[in-house]
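**Q** Chains as they are written, first to last, in the working numbering: chain A, 3 to 113; chain B, 145 to 260.
Honestly, the hints are just simulated from the structure, not real lab data.
All residues carry an ideal CB built from backbone N, CA and C; glycine is no exception.
Some hints could be false.
As the list claims (entries may be wrong) - Derived Cβ-Cβ restraints for the label pairs, each shown as a range:
1) B/Ser209 with A/Asp99: 19 to 29 Å
2) B/Gly172 with A/Thr14: 37 to 47 Å
3) B/Ser164 with A/Ser16: 37 to 47 Å
4) A/Phe20 with B/Ser164: 42 to 52 Å
5) A/Tyr32 with B/Asn161: 44 to 54 Å
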Amino acid sequence: GNSVTQMEGPVTLSEEAFLTINCTYTATGYPSLFWYVQYPGEGLQLLLKATKADDKGSNKGFEATYRKETTSFHLEKGSVQVSDSAVYFCALRGRDDKIIFGKGTRLHILP
Amino acid sequence: ETGVTQTPRHLVMGMTNKKSLKCEQHLGHNAMYWYKQSAKKPLELMFVYNFKEQTENNSVPSRFSPECPNSSHLFLHLHTLQPEDSALYLCASSQDKSRANTGELFFGEGSRLTVL
Numbered sequence: 003g004n005s006v007t008q009m010e011g012p013v014t015l016s017e018e019a020f021l022t023i024n025c026t027y028t029a030t031g032y033p034s035l036f037w038y039v040q041y042p043g044e045g046l047q048l049l050l051k052a053t054k055a056d057d058k059g060s061n062k063g064f065e066a067t068y069r070k071e072t073t074s075f076h077l078e079k080g081s082v083q084v085s086d087s088a089v090y091f092c093a094l095r096g097r098d099d100k101i102i103f104g105k106g107t108r109l110h111i112l113p
Numbered sequence: 145e146t147g148v149t150q151t152p153r154h155l156v157m158g159m160t161n162k163k164s165l166k167c168e169q170h171l172g173h174n175a176m177y178w179y180k181q182s183a184k185k186p187l188e189l190m191f192v193y194n195f196k197e198q199t200e201n202n203s204v205p206s207r208f209s210p211e212c213p214n215s216s217h218l219f220l221h222l223h224t225l226q227p228e229d230s231a232l233y234l235c236a237s238s239q240d241k242s243r244a245n246t247g248e249l250f251f252g253e254g255s256r257l258t259v260l
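Only chain B is shown next, with the shape it has when bound in the complex:
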C-alpha cells in the first residue's frame, strides 16, 4: 500500500468511447503526475500538477485531458483514443524537495488501458 490509489485497474474501451481514470493520494503531497508505460518503451511523463496547477505538459495529444480539482485527486479524461494509446497509465505523487524530504515519487498500481 503506497498511499496512492488508482481506479479502474483495468479498462477496455472503443475508439469512440469517453472514459476517465482516477487517482487519489492520501499522503498530503502537493504534486501529482501522470506517466504512460508502454511495452518496450521508456516511462513517459505526461502531466505534472503542483498545488492543483499544471506545471508540465509533455506534448501530450489533446485526446488526453487531465483534471486536478485539488491536491489529493487527479483525473485523466480519455476520448477518441487510438489503439497505440493502449498502455499502463501510472499516477504518482510527491512532496517538494526540502531538507527533510528527498522528493521521491510514490506510485499507484496503474490503470491498464486497452483501446480496441
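Next up, chain A with everything else stripped away, as it sits in the complex:
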C-alpha cells in the first residue's frame, strides 16, 4: 500500500537558518503530494502541493519539488523565522483517492 515517511523530530534551528525536512513516499502511479502545517492550538493547513513530477510547490518562502526518481518531496526554506515553529506533515493522495499522512515533524525556531 501507499506510505509516507518523514524525518523524525523535533528539529531545532536558530532564526535565519536553512531548513530541510525530508519526506519520501511509496505509491503506484503519480500521487498528488502535499505539505501541511499545524501551528500550536490549531488544525492542519495546506502549505503547498505538487501534482506531477518536477512540479515545485511554494508558499510563504517554503518550497518542495516532486522528485519521481527519488520518490521524495523534501520541504525547504532558506531563512526560517520564530513564527515558523509548528508541526509539519507530508501527505499524498493516491490513485485510490486515499490521503496518507506522515507522522509529522515538530520544528522549533530559536530567536
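With chain A held as given, fit chain B onto it using these hints.
**A** Positioned in the frame of chain A, the structure of chain B alone reads:
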C-alpha cells in the same frame, strides 16, 4: 479561516456522559472526514463520508458514532468514553480529485476533548 468550522473547541466530559462534536463546511465539498490526533501518535483517520454515505470506518469503537445528515454537516456522537479517548478531534472536507482539483483536505481547528 479555512471554511470548516468545528464546535465546541474544548470539551470536558465524564465517562458516563453523552456529548456530540459538530463540524460544518462552507466550501461546497462532497467529502467529510473525522481524524483523531493524540499526543505523540500519528494522525488517525476515523471516518469518511462521501455525499452523505459512509465510505470508510477504520475499526473505530462503537462508543464513537458519526452522523452526516448532508454534505455540509458532520457530527461525532460520543458516549461512555474512556480517558484514553482524550485527544484533538479534527474534521476535514475535500472535493473529489479532478483535472481542476487536487483533492486536498481543508481542516477545521479541532475540538479538544478531555475525558475524566
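**Q** In ascending order, which of the hints set out earlier in this document are inconsistent with the structure?
**A** none
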